[in-house]
Amino acid sequence: MGFDWVFFTELIVGGLMSGVMYSLVAIGFVLIYKSSGIFNFAQGTMLLFAALTFVKLTEGGVNFWVALPVSMGTMVVFGILVERFMMRPLANQSLLSLFMATVGLAILIEGLAQYMWDSAIHGLQLADFLDLALLDPVNMTIFVVDYIEWLDILISKFDIFATIVAGTMILILAVFFQKTRTGMSLRAVSDDHLAAMAVGIPLSRVWALVWAVTGIIALIAGLLWAERVSVSFTLVEAVLKALPVILIGGLTSIPGAIVGGLIIGVGEKLGEIYLGDLIGVQGIETWFSYFIALVFLLFRPSGLFGLKTIERV
Amino acid sequence: MKTKLWITGLAMATAMSATAPVMAEGEVYIPMPVYRVGPYATGGTGYFGGIIDYYTLMNMTEGGVGGMKIIWNECETNYNDQKGVECYHRQKEFQGKQALFFDPLSVGISTSLVAQGRKDKIAIIAVNHGRTEGQRGDVFPYYFMPGINTYDEHSIITAYIGELEGGMENLAGKKIVLLFHGSTYGREAVEFTHMLCEKHNCSSEAIEVPHPGNEQTSQWLKIRRSKPDYVVLRGWGVMNPVAMQTGVRMGFPISNLIGNIWSNDDGDVKPAGSSANGYQAITTHPTGRVAKVIDEIVAKLYDQGQGDLEDKSRIGSNYWNLGVMAGVIHLEAVRVAQARFGADVNSAQVRWGFENLNLDTARLTELGANGLVPEIKTNCMDHVGGHQAKFMRWVYAETKWEVASDWIDGDVELSQAIIDAKAENAIENEGITPRDCNDPAQRDDFDV
Chain A
1 MGFDWVFFTE LIVGGLMSGV MYSLVAIGFV LIYKSSGIFN FAQGTMLLFA
51 ALTFVKLTEG GVNFWVALPV SMGTMVVFGI LVERFMMRPL ANQSLLSLFM
101 ATVGLAILIE GLAQYMWDSA IHGLQLADFL DLALLDPVNM TIFVVDYIEW
151 LDILISKFDI FATIVAGTMI LILAVFFQKT RTGMSLRAVS DDHLAAMAVG
201 IPLSRVWALV WAVTGIIALI AGLLWAERVS VSFTLVEAVL KALPVILIGG
251 LTSIPGAIVG GLIIGVGEKL GEIYLGDLIG VQGIETWFSY FIALVFLLFR
301 PSGLFGLKTI ERV
Chain B
1 MKTKLWITGL AMATAMSATA PVMAEGEVYI PMPVYRVGPY ATGGTGYFGG
51 IIDYYTLMNM TEGGVGGMKI IWNECETNYN DQKGVECYHR QKEFQGKQAL
101 FFDPLSVGIS TSLVAQGRKD KIAIIAVNHG RTEGQRGDVF PYYFMPGINT
151 YDEHSIITAY IGELEGGMEN LAGKKIVLLF HGSTYGREAV EFTHMLCEKH
201 NCSSEAIEVP HPGNEQTSQW LKIRRSKPDY VVLRGWGVMN PVAMQTGVRM
251 GFPISNLIGN IWSNDDGDVK PAGSSANGYQ AITTHPTGRV AKVIDEIVAK
301 LYDQGQGDLE DKSRIGSNYW NLGVMAGVIH LEAVRVAQAR FGADVNSAQV
351 RWGFENLNLD TARLTELGAN GLVPEIKTNC MDHVGGHQAK FMRWVYAETK
401 WEVASDWIDG DVELSQAIID AKAENAIENE GITPRDCNDP AQRDDFDV
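Chains as they are written, first to last, in this note's numbering: chain A, 1 to 313; chain B, 1 to 448.
Chain A on its own, in the form it takes in the complex (with noise of 0.2 Å):
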C-alpha cells in the first residue's frame, strides 16, 4: 500500500488548525512578556475563569450580547486588580518573585473560579447564539457539526471559523501596537521602563491596559477553545501546550506565537501518527510537542522570532 496522501494532507490541515488553538493561549504570554518582562504563569486559568464567567452567565439566560460585554467587562476588572494589587508592590522586585505572584495568581484563580461557579464540565455551542451563516459559502451554518470535504479531504468549519477569528484578533492586535498612540506606548514600556516614565508614560496604566487586554484576548481563546473542548479545569492545561509554542516562537513577538503554534500543532500531529507507529507507541503528542521545542532552542535560543539579548561583561 502507497502513501496515503489524502490522510497526510488532513494531518497537516488538522495540525495547524490546532496550532492556531495554542496560538492564541500564547499570545496572551506574549502581550505580558512584551510589556513588563512577566512570564504569566496564570494564563490558562485566565482563560479558564473567563471562558467559565461567560458560560455561566449564558447558562443562567443571559442574552449572549450581554454575556459578552460583561465577561470582557470581567476581565477588564480583573486586569486592572491584578496591576493594583500584585504588579505594582511587587513593581521593583525581580522577575523570578514576579513569576511566583503568577503561579499563586493562577491557583488563587482556579480556585476562585470554583468558589463563584463550580467544577463541572460545561458545554459551548456557539451555534445556539450566533447565526453566522453570511460566513459560509455554501449558505449553511458554519458552527453545524458537520465539515467540508473537498478532494475526499476533511477540513472541519469550526477550525476554519476559529482561524478567521485568531486572524482577524492578530490584525487588530498589530494595528493596536503599530498605529495607535497607546500601542506605542506598550511597546515603549517594553523596550525600556525607565526611558518610557522618563519621557511621560505612566506605566501603571500601562500594565493595567495590558492585563486587561489580555483578560479580553484569554475570554476569546476561552470562548473558541470552550466550543472545541467544554469549559473544564482542563482547560488550564492548554497553558502546556502553549509553553513549547513560545520557546519555539520566541517570547517577545507576536508573529513568533502564531508561526510556534502551527509548528507544534503540525509537528505533535506528525510524530503522534508516523513517530508513534514507528516506535510502537501512542500518545506521545503531549511531550513530543516539548522535544521538538528543545530542538528549536539548541539552534535558536531566543527562539525563531525573539529578541537576542546581549549583555555587557
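By construction, these hints were calculated from the structure, which means they are not laboratory data. One thing to keep in mind: the hints can contain errors.
As the list claims (entries may be wrong) - To give an idea of the interface, some chain A residues facing chain B are shown, with a C-beta separation under 10 Å as derived from the structure:
(1) G14
(2) D118
(3) I121
(4) E227
(5) K269
(6) E272
Stated by the list, open to error - Chain A is nowhere near these chain B residues, computed Cβ spacing over 12 Å in every case:
(7) G43
(8) A115
(9) K174
(10) R225
(11) V290
(12) D295
(13) K377
(14) A426
Ideal Cβ positions, reconstructed from N, Cα and C, are used throughout, including at glycine.
We have chain A; now place chain B onto it with these hints.
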C-alpha cells in the same frame, strides 16, 4: 516551673479525655471520603450525595440499619490518591468506633488501600470498577467491586454491538476501535478487547488518548483512516464530550460510538450539545426516577427542603443514582452481617456481609430498588456478583437518557481465565496466601 507545667498538662489531658466525644451505643459508623471540589467534583457530589441521601432516608424511616443509627463523617479527597489514603487513616476510626468499610469511588485510592484494608480488617469498596483480579475473594478478601468489572463491561458492550448488528454471528468481519484514556484504567481493557474480537471474528484496534483528553484530532484522524464500524469509548471526565464533538466533526456516526461505564454521565453528554444526540452508553443503574426508593428520597427529603444535592435537577442523574445504588449495596451488606452476628457488627463481620450479598429481584423489590440496582450475588470466589448491565441512549431534545436495552450478561467464562492469571500473579508477587473457599472455616468464619 516544671511541676506547674506538668500539673497543667495533666489537668488538660484529664479535661480532654473527659470531653472527648464517644459514639453512642446503637450507632454504626461509615466514613465518607468525598470529593466535592476539583475537576472531578461532578462525580463526587453526585455519588456521595446519593449515598448520603439513602442513609438519611434509612435513618428517617427505619431508624438506621438493623435498628442502629448510621453516623458518617466527610473527608475531602479531591480525587487525589495521596489525600484519599490520608482520609482513610484519619477516618478508619471515629469517636471510638471502627469504620465498617471504606468506599472512595476512585480506582487510585481503592487500589492503594487493598493491602491496608486487609491489615485493618476494613473492606475497601469499588462499585463497578477497580482492580479486576480483585473479583477473586480468595486472594483479595477485603476488596469488593459489586456490579461489574472491566471485562464484564467490555464483553457486554460487544454483546450489545452484536445485538445492534442482528446477532453475534454478524460481528464477523466488523471492525471495532477501542478509544481509551491514557492511564492504567484505560489500558486495562486493551488486551480483553482483542480477545473478544478474536472470539467473535471481528478485528480490533486500540487507540490511546493522552490525559486529560482535551485534544483528540490525531486520534480521530486515525479512526477516520481505519474506518471502523464501531468505536468503544473508555473515557473519563472531559475526554468524553471531546470525543463526541471531535468524532462528529470528523463525520463519525454518533450512534456507533458506545460509551463505557465512566462515559455515561449526563455531565459527559450535555457539554457535547447536539453532537451527543443518539450516543449510547452502558449502565448498571439506569438514570431517572426509576425506582420506588428514589421517589421516597424525593418525597421525604427534597420535598421537605432536605437532601444533599444543591441542584435538585441532578436527582436521578447518573452519578447520584449510582450513589443510591451504592447505598443500597452498603446497607444490605450490613444487614446480612447483622442477621448472623447481631445488630452491633464490626468491620470484619460486614466484610462477610459483602461476601454474601443476594440482591435478587424479590429482595430488590422489598428494598424499593428494583429497576435501579441490578441483581447482585457475591460469594467467596466472586466479589463482583452482578456481571450484567443495560444500555442507554441520549436524547438531546429532551436532555435525558432513554433505556435502549434489557439486562445483558457479561462473558464471565472468557474473562475468568485472564482474572485467574492476574490473581495468580498477585499471589506470587505480593506474597498473598489465598483462602480456600471450599473450606467452610476459611470461607464463613474468616476473621469474624
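The hints, checked one at a time:
no., hint, in the structure
1, G14, "holds, 4 Å"
2, D118, "holds, 7 Å"
3, I121, "holds, 5 Å"
4, E227, "holds, 9 Å"
5, K269, "holds, 5 Å"
6, E272, "holds, 4 Å"
7, G43, "violated, 10 Å"
8, A115, "holds, 30 Å"
9, K174, "holds, 21 Å"
10, R225, "violated, 5 Å"
11, V290, "holds, 23 Å"
12, D295, "holds, 26 Å"
13, K377, "holds, 36 Å"
14, A426, "holds, 27 Å"
In terms of the numbered hints stated before, the structure departs from hints 7, 10, listed from lowest to highest.
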